[in-house]
Amino acid sequence: MSDPHDAAERVADNPFFVLGLPPDAAARDVEREAQKLIGMLELGLAEAMTYATPLGPRPRTTERVRAAAAVLRDPRRRLVAELWAARGPAAVTGGPAAVTGGSDAGAAASPSPAGWVGALAIGGWGPRRHPRLQPRPDDDREGHT
Amino acid sequence: MARLVGQVWLLIAFGRRHAWRARRDHRTGAFLAYTAVAAVGDVVALVWSLSLLWFLIGLGEWLPAMIATGLLAALMMRRVVIEHVTIPLGLFRVTHTLAELDRALGREPLGAARLAAARALAKAGLPATALPWWQSVQAARLGAFDVAAHAVLADGKDDRPGARALFESLALLREPAPQARELAAEWLALDDADAGRWQAIVDRGAAVARPGRGAHRRRAAIEADHTTNANGPAAASPRGAAATAGEMLWPATGLTFFLEGVAGRLLGRPDAPSQLGMWLRWLEAPRRRATWWLLQRALAAGTVTPPAPRPRPAPMAADGGGPLPHAIAVHTAALATPTAASLTMATTAWDAALTDAGWRTAIALRAITLGARADAASHAVDELRAQVISDVAHAMLAAGLPLPPDARETGILAAAAARARAELLARLELTLERIGGRVHERTPLAPIDEWRSFLAVRAAYTEAARQGGVELERLAFPHAHTELTAWTVWMWNDRGEHAISHGMTSWLYERALAVGDAQAIELHGKNAQLEPSAE
Chain U
1 MSDPHDAAER VADNPFFVLG LPPDAAARDV EREAQKLIGM LELGLAEAMT YATPLGPRPR
61 TTERVRAAAA VLRDPRRRLV AELWAARGPA AVTGGPAAVT GGSDAGAAAS PSPAGWVGAL
121 AIGGWGPRRH PRLQPRPDDD REGHT
Chain C
1001 MARLVGQVWL LIAFGRRHAW RARRDHRTGA FLAYTAVAAV GDVVALVWSL SLLWFLIGLG
1061 EWLPAMIATG LLAALMMRRV VIEHVTIPLG LFRVTHTLAE LDRALGREPL GAARLAAARA
1121 LAKAGLPATA LPWWQSVQAA RLGAFDVAAH AVLADGKDDR PGARALFESL ALLREPAPQA
1181 RELAAEWLAL DDADAGRWQA IVDRGAAVAR PGRGAHRRRA AIEADHTTNA NGPAAASPRG
1241 AAATAGEMLW PATGLTFFLE GVAGRLLGRP DAPSQLGMWL RWLEAPRRRA TWWLLQRALA
1301 AGTVTPPAPR PRPAPMAADG GGPLPHAIAV HTAALATPTA ASLTMATTAW DAALTDAGWR
1361 TAIALRAITL GARADAASHA VDELRAQVIS DVAHAMLAAG LPLPPDARET GILAAAAARA
1421 RAELLARLEL TLERIGGRVH ERTPLAPIDE WRSFLAVRAA YTEAARQGGV ELERLAFPHA
1481 HTELTAWTVW MWNDRGEHAI SHGMTSWLYE RALAVGDAQA IELHGKNAQL EPSAE
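Top line first, the protein sequences correspond to chains U and C. First residue of the first sequence: 1, per this note's numbering; consecutive thereafter. First residue of the second sequence: 1001, per this note's numbering; consecutive thereafter.
Think of the hints as simulated: they come from the structure by calculation, not from any bench. Just to be clear, a hint being listed does not mean it is correct.
Claimed, not checked - A few chain U residues that face chain C, going by a derived Cβ cut-off under 10 Å, partial list only: (1) 6; (2) 46; (3) 48; (4) 117.
Stated by the list, open to error - Sample of chain C residues with no beta-carbon within 12 Å of chain U, all distances over it, derived: (5) 1012; (6) 1074; (7) 1191; (8) 1411.
Fair warning: this is a prediction, and the values are worked out from it, not measured in the lab. Where a beta carbon is used, it is the ideal one built from N, C-alpha and C, also for glycine.
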């Protein structure tokens, strides 16, 4: 089972987003773009450093570019990548409440009143707070006297 | 004259003790009245004691004055000394001695002295040198007071989740331990207040019916109280109904009673105390300077206008290009912050996209264009579907969302729910197998660690049952019944840990009733009737 991190990576690391190409790009365009981006990255050009994804811009590296090109060389894997890239890299706008129309119970309920911060300490609970030792003026190590 | 003085003294002492005990039976005006009576008794006792000392000192009798001071502190004022002197100063040995005396003279339950000593020990900063002494005063068997004492020590180590789990677990133990439950209720109320969980405070203190004089000290009443609690949340109990859930489990202290009033007023409940009631609760609670602003907030809560409804976020921009781009957009948004509604919307969008005939034809044509194998298109769609199901299932589990019931449906949501349910069951089975293996090998832990281990299993089971619903619980219960019954039998028969074994059995009985397992109901029902022996 994929965890949310995997799911986000799958969306953000889509080879087409990494290479900045549309899903119907030809194979030779894929190779040419990959070489161009690797060259730009090696020269440290700022415009090649990031790429757009639905989850916001991500840093582009030569490893990611090579991995993306490798995926797109395999027709089967490319087909799956094309499906996930169908929407394009435009960022998803609107929060989950917007998606749901704000109908969730949690979203609809009035917010709970704020808590009484530090209540346990005020009630005499919690760990005993030991006084902190002062560091020597010429010593950065706290607690050493 | 001396006889008269002695009789009045005994009367005051009896009255104070009765008043402090009687207030545990109430969450009404009687709580305030009994607290006031007890406080007046304390003041009279203090004035009397000081007068005697002043008289002796005036006569120049310093030695008798010093002896009288010690005797009065030990006999008349010991609880005041314990609460206001020895515990705050961290004098754990003195606290234990005085509390033992209190137990002997006041017929208090066994274990109360260890709880008081634990509080002093926590105040002393849990010095390592005190460990041998602490071990030496431990009882042979674990009971409710010891569980509370370990919760106090956990709190002293800043282990709040650990302390909370142990304090809450007192609800599973039948041993009459009003001091421990009172202390637990105060700690839980403070922790909830800190986190803004005002509703939890109200729920815990919802029972207002008088359970009967001294009921919190009777096992049978606690048993009945627990059964009432098990059959439904205390919050659902109507005011004045026969239900007394929570009353014996969580008697109130002055601070708890005040916080319950604050919670009621902040939440705008109809049964919240009046302004006068709030003032009285505040006056009877300790730490009035620190709680002053909370009182002001509670008093103002009755006059504030309800907050304006939050503006709804702007709707997500429509995605052109057909069902697949829309499904991906909704999916991505739902995974960012999953809710039941957003995931339902995402899975509905996926169902529409994956069954769209025109789109599937386009995929097949695209596969041919790319020079892929003939079955590549269907494989790609299957892989996409599997990834979506996995994403949604994981999002449901990570967000702790209740899983939709298994309705034998074929959509993405049903498949994801089935996947999540299987994952929940697998995790639970693993936990139960680990416990079962340890019990089978007879590898003992310290009693408090056995109890913590049980609480962890119970928490995992409860969470799985909450998410998966009764269907999942029916699948999980037989395994839990097998492994945990062996554990309870081992704890009772071989190790003599009756209190915690009984707590486990009671919980198993409750779950057997919930899933309707007749065999387990009969077994645990019989076992739950066994009386745990005292330490």
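Outcome of the hint check:
Given the 10 Å rule on beta carbons, the hint for residue 6 of chain U holds: about 8 Å separates it from the nearest Cβ of chain C. The restraint placing residue 46 of chain U at the interface with chain C is violated, with a minimum CB-CB distance near 27 Å, outside the 10 Å limit. With 10 Å as the threshold, the beta carbon of residue 48 of chain U stays out of range of chain C, its nearest partner Cβ sitting at about 25 Å, so the hint is violated. Using the Cβ-Cβ criterion of 10 Å, the hint placing residue 117 of chain U at the interface with chain C is satisfied: the shortest such distance is roughly 6 Å.
Residue placement check: residue 1012 of chain C keeps its beta carbon more than 12 Å from all beta carbons of chain U (closest about 28 Å). For residue 1074 of chain C, the shortest C-beta to C-beta distance to chain U comes to about 24 Å, beyond the 12 Å cut-off, and the non-interface label holds. For residue 1191 of chain C, the requirement that its beta carbon stay farther than 12 Å from each beta carbon of chain U is not met, with the minimum near 6 Å. No Cβ of chain U comes within 12 Å of the Cβ of residue 1411 of chain C; the nearest lies about 18 Å off, and the non-interface call holds.
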